[in-house]
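Peer 1: Take the sequences, apply the hints, and build the full model.
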Amino acid sequence: MEELNIAPQTQSEPVPGAAFEPAIVAFVCNWCTYTAADLAGTSRMVQSPNVRLVRMMCTGMVDPKYIIKALLGGADAVLISGCHPGDCHYINGNYKARRRVKLLMEILPRFGIDGRRIKLTWVGASEGNEFAATVNRFAAEIKELGPIDTRRLPLL
Amino acid sequence: MGSIARIEVTNGNPVAALQGFCARLLADGEISAVLAPRLLPAGGGTMPALVADPEQLRDVAPLAPSFRLNAARMLTRLTRGADDGGLVAALLRPCEVRAFIELCKLNQGSLENALLISLDCPGAFTNADSGRFAGNRGDTASLLGFLRAGGRGSFDGVEVARACRTCEHPTGAEADLTIGLFGQDPEKGLLLMANTPRGEGFMTRLDLPEATDDGSRDKALEELLAERRAAQEQMFAETTAATSDMTRLSQFLSACVNCYNCRAACPVCYCKECVFLTDVFDHKPWQYLSWARQRGAIKMPTDTVFFHLTRLAHMSTACVGCGQCSNACPNDVPVMELFKTIAASTQKAFEYEAGRDPGEAPPLSVFREHEFAELTGGVD
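Top line first, the protein sequences correspond to chains S and E. The numbering of the first sequence is numbering that gives the first Met the number 0, which starts it at 0 and goes up by one. The numbering of the second sequence is numbering that gives the first Met the number 0, which starts it at 0 and goes up by one.
Check each hint, because a few of them may be wrong.
Facing chain E, from chain S, some residues (calculated, C-beta under 10 Å) [unchecked claim]:
1. Lys64
2. Tyr94
3. Arg99
4. Ile117
Calculated pairs, SDA-like style, for lysine to any residue (alpha carbon to alpha carbon, straight line, at most 20 Å) [stated by the list, open to error]:
5. S:Lys68 / E:Arg292
6. S:Lys68 / E:Ile297
7. E:Lys347 / E:Ala236
8. S:Lys68 / E:Leu288
9. S:Lys101 / E:Tyr351
10. E:Lys347 / E:Phe235
11. E:Lys298 / S:Arg151
12. S:Lys101 / E:Ala348
13. E:Lys298 / S:Asp148
14. S:Lys64 / E:Thr301
15. S:Lys68 / E:Phe275
16. S:Lys68 / E:Lys347
17. S:Lys68 / S:Val45
18. S:Lys68 / E:Ala360
19. S:Lys64 / E:Asn257
20. E:Lys347 / E:Thr238
21. S:Lys64 / E:Ser141
22. S:Lys64 / E:Arg151
23. S:Lys68 / E:His313
24. E:Lys218 / E:Arg151
25. S:Lys68 / E:Gln250
26. E:Lys298 / S:Arg54
27. S:Lys68 / E:Phe235
28. S:Lys101 / E:Glu359
29. S:Lys64 / E:Arg216
30. S:Lys101 / E:Ala360
31. S:Lys101 / E:Ser344
32. S:Lys64 / E:Phe305
33. S:Lys64 / E:Pro361
34. S:Lys64 / E:Gln346
35. E:Lys347 / E:Phe366
36. S:Lys68 / E:Glu54
37. E:Lys271 / E:Pro361
38. S:Lys101 / S:Pro84
39. E:Lys347 / S:Arg151
40. S:Lys64 / E:Arg136
Just so you know, the hints here were simulated from the structure itself, not pulled from any lab data. Predicted model only: the values in this text are computed from it and were never measured. For each residue, glycine too, the CB sits at the ideal point set by N, CA and C.
Peer 2: Pasting the structure below:
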């Protein structure tokens, strides 16, 4: 069986002096952001390697528990990225995603999870450059923030 | 709307007066049965009963401060689908009315098929304490003392549940009819108020003496609300401080054994099969071992904090604060405190209040084209 290793296997404490490399889980829409990521890749744009993409058919199917699970499982941040408003392949899934992200923003920061660790963006299929820029900016922000403390939490 | 009638109490026994009121409802051709709390023979409080025969009303105890389960779920079973069984009159606590309204919005029941009758609610004891209070074993004198005190204080050594002490919705104005207790002498008479056209129609047909509003109920209600709001503020502050980071939250939930009783008891957690009971969480041994290797050690059972956070995300916008989650917890995890605290902020974020208005759509079932632009850096 394949294991998805988000947390480093050998050491739970970061090596002193070594730069912190965040793990970011991204839930991206098949029709827009995933296509943009593909475009960014085929166009050889430089992107931060900290992001693990999960291709969804629509951001409207990103249940809050996916985001919660990622953050509890040791992901330092979660990116949800879909079509621009009005462009959803399924008419309105991205609007639903926005409400769910709003909901999580009310819940998770109350338990000490920094709201900056959850990001919602709209990136269209043709915006490969925008995708690369989003990923690079977000990875830099999370590097600044440091690792999430759920990684070392003994009780979950 | 807004008519007030009087339910006369004779021999100083308001329970008998309400049993008589139920009998009048049953005599009305439109009502098929009455759903009301009934004393358990063993003396441990009440359970809802669907009463069709007026003879069987003798143990009905709508005023007993016992709240073994939220009857909203029961009422959905009686009102679901087409109106082919006739109207059910349901005597409910205000939080049961609000939970029922939430469930109807989620297509689990129908407001059309029920006549909702709420009572001013002084609160109820937890299931563990319920049997200790003599008023829950049929003792009228204890019950009268409890009603006069508006549920405040200690009775036979027990206090009403914390969910009730911090409840800011004790009147059930969302129901068709409300039975007014606050500010009334329960040995003399109770009020009956109509809140909807349907309630108004029944009030006229029941042919009760008219009453006037002398302000005593509002005054008593204001006093009670001030105390409860203060208690609520304190509970929110305590809970927020006790769960301010993930370490504290996991300690707050550390007695949880993943029995999911809170979910089973929750009136608004309505999924037929909860995802936490499916194969999704039936992890393989290698998965546990992999997690244990990554972290050095993992708590078993896993997914405790995950379960509660997910339930907060899935249903805190529908939480009516009835406290049945804490009632059902075998290990005294303060589930109600956590849910009520978070529900207050999630409902506020969507300008929503669970159970307030049947016409108000659940916040996660709708959206606006332009909203929450701050989430996407001002781009909407």
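Peer 1: For every hint, state whether the structure bears it out.
Peer 2: Hint check:
1. Proximity of Lys64 (chain S) to chain E holds as hinted, the smallest CB-CB distance being about 4 Å (cut-off 10 Å).
2. Checking Tyr94 (chain S) against chain E: minimum C-beta separation of about 4 Å stays under 10 Å; hint holds.
3. The beta carbon of Arg99 (chain S) comes within 7 Å of a beta carbon in chain E, closer than 10 Å, and the hint placing it at the interface holds.
4. Nearest Cβ of chain E to the Cβ of Ile117 (chain S): about 9 Å, under the 10 Å cut. The hint holds.
5. For the given pair, Lys68 (chain S) sits about 18 Å from Arg292 (chain E) by alpha-carbon distance, which is consistent with the 20 Å threshold.
6. Pair hint Lys68 (chain S) plus Ile297 (chain E) holds up; C-alpha atoms about 15 Å apart against a cutoff of 20 Å.
7. A threshold of 20 Å between alpha carbons decides the hint, and for Lys347 (chain E) with Ala236 (chain E) the separation of about 17 Å falls inside it, so the pair holds.
8. At roughly 18 Å between alpha-carbon atoms, Lys68 (chain S) and Leu288 (chain E) fall within 20 Å of each other, so this suggested pair holds.
9. Between Lys101 (chain S) and Tyr351 (chain E), the direct Cα distance comes to roughly 14 Å. Compliance with the 20 Å bound is thereby established for this hinted pair.
10. Between Lys347 (chain E) and Phe235 (chain E) the CA atoms are separated by roughly 14 Å; this keeps the pair inside 20 Å, and the hint holds.
11. Note on Lys298 (chain E) and Arg151 (chain S): the hinted pairing holds, with a Cα-Cα distance of about 12 Å set against a maximum of 20 Å.
12. Taken as a hint, the Lys101 (chain S) and Ala348 (chain E) pair is honoured in the structure, with Cα atoms around 8 Å apart against an allowance of 20 Å.
13. For the suggested pair Lys298 (chain E) and Asp148 (chain S), the alpha carbons sit about 16 Å apart, so the restraint of at most 20 Å is met.
14. Straight-line distance between C-alpha atoms of Lys64 (chain S) and Thr301 (chain E) comes to about 15 Å, which keeps the hinted pair within the 20 Å bound.
15. As the CA atoms of Lys68 (chain S) and Phe275 (chain E) are separated by approximately 12 Å, the hinted pair is consistent with the 20 Å bound.
16. Simply put, Lys68 (chain S) and Lys347 (chain E) have alpha-carbon atoms about 25 Å apart, too far for the 20 Å limit, and the pair is violated.
17. Among the hinted pairs, Lys68 (chain S) with Val45 (chain S) is inconsistent with the structure: their alpha-carbon atoms are about 29 Å apart, more than 20 Å.
18. For the hint linking Lys68 (chain S) to Ala360 (chain E), the alpha-carbon distance of about 28 Å lies beyond 20 Å, and the restraint is violated.
19. Between Lys64 (chain S) and Asn257 (chain E), the direct Cα distance comes to roughly 17 Å. Compliance with the 20 Å bound is thereby established for this hinted pair.
20. Annotation: proposed proximity of Lys347 (chain E) to Thr238 (chain E) holds, straight-line Cα distance about 18 Å (limit 20 Å).
21. Distance restraint check for Lys64 (chain S) and Ser141 (chain E): the Cα-Cα separation of roughly 47 Å exceeds the 20 Å cut-off, and the hinted pair is therefore not satisfied.
22. Distance check on the hinted pair: Lys64 (chain S) and Arg151 (chain E) sit about 40 Å apart at the alpha-carbon level, beyond 20 Å; violated.
23. Between the alpha carbons of Lys68 (chain S) and His313 (chain E) the distance comes to roughly 14 Å, so the proposed pair stays at or under 20 Å and holds.
24. Of the pairs offered as hints, the one joining Lys218 (chain E) and Arg151 (chain E) holds, with about 16 Å between alpha carbons and a cut-off of 20 Å not exceeded.
25. At most 20 Å may separate the alpha-carbon atoms for a hinted pair to count; Lys68 (chain S) and Gln250 (chain E) meet this at roughly 18 Å.
26. For the hint linking Lys298 (chain E) to Arg54 (chain S), the alpha-carbon distance of about 31 Å lies beyond 20 Å, and the restraint is violated.
27. Between the alpha carbons of Lys68 (chain S) and Phe235 (chain E) the distance comes to roughly 26 Å, so the proposed pair goes past 20 Å and is violated.
28. Pair hint Lys101 (chain S) plus Glu359 (chain E) holds up; C-alpha atoms about 19 Å apart against a cutoff of 20 Å.
29. Pair hint Lys64 (chain S) plus Arg216 (chain E) does not hold up; C-alpha atoms about 45 Å apart against a cutoff of 20 Å.
30. Under the criterion of a C-alpha separation no larger than 20 Å, the hint pairing Lys101 (chain S) with Ala360 (chain E) is consistent with the structure, at around 17 Å.
31. Annotation: proposed proximity of Lys101 (chain S) to Ser344 (chain E) holds, straight-line Cα distance about 11 Å (limit 20 Å).
32. Distance restraint check for Lys64 (chain S) and Phe305 (chain E): the Cα-Cα separation of roughly 8 Å lies within the 20 Å cut-off, and the hinted pair is therefore satisfied.
33. The suggested pairing of Lys64 (chain S) with Pro361 (chain E) holds, with an alpha-carbon distance near 19 Å, which does not exceed 20 Å.
34. Straight-line distance between C-alpha atoms of Lys64 (chain S) and Gln346 (chain E) comes to about 19 Å, which keeps the hinted pair within the 20 Å bound.
35. Between Lys347 (chain E) and Phe366 (chain E), the direct Cα distance comes to roughly 15 Å. Compliance with the 20 Å bound is thereby established for this hinted pair.
36. Our distance criterion of 20 Å between C-alpha atoms is broken by Lys68 (chain S) and Glu54 (chain E), whose separation comes to about 55 Å.
37. Of the supplied pair hints, the one linking Lys271 (chain E) and Pro361 (chain E) holds, its CA atoms being roughly 19 Å apart against a limit of 20 Å.
38. The straight-line distance between the Cα atoms of Lys101 (chain S) and Pro84 (chain S) is roughly 16 Å, inside the 20 Å bound, and the hint therefore holds.
39. In summary, the hint linking Lys347 (chain E) to Arg151 (chain S) is not supported, as the alpha carbons are separated by about 33 Å, beyond the 20 Å threshold.
40. Restraint check for Lys64 (chain S) and Arg136 (chain E): not satisfied, since their Cα atoms lie roughly 44 Å apart, outside the 20 Å limit.
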